[in-house]
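Take the sequences, apply the hints, and build the full model.
If you use the numbering used here, the sequence shown closes out at 112, no skipped numbers anywhere.
It is worth saying that the hints were derived from the structure and are not from the lab.
The beta carbon of each residue, even a glycine, is placed where N, CA and C say it ideally should be.
The calculated label-pair distances, taken between Cβ atoms and stated as ranges, are:
id	residue 1	residue 2	range
1	Val20	Ala94	36 to 44 Å
2	Gly32	Gln74	17 to 25 Å
3	Val20	Thr53	17 to 25 Å
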Amino acid sequence: MSEIIKSKIVLNVELDENRVPEKLNWSAQDGGVDNEEAKAIMLSVWDSNAQETLKIDLWTKDMPVDEMKLFFHQTLVTMSDTFLRATQDEKMTATMKDFCDYFADKLELKKK
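What follows is the structure, given as structure tokens:
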């Protein structure tokens, strides 16, 4: 029987008096991350029993809008890559990548 290996990712959220995130930090020892600061976090968890996605979307009140736009774009690109690895569906991945390009173009994220 093989040994069960456990890994832990820790998210710490400091809130102001109105429960708005002021500070976000995360640690993942296996990845060499120790209490690193973040301005935004998106976490999705699949609930197989309910057949739905549970999510946590947090960002600090000092997260600049231009950085949020980049964060969303890069997250969409990464989701496209993950979709391909998980499904091997190249046609839909190409469609998703086209949308990512459109998104970046409309927000003027890519240099011309």
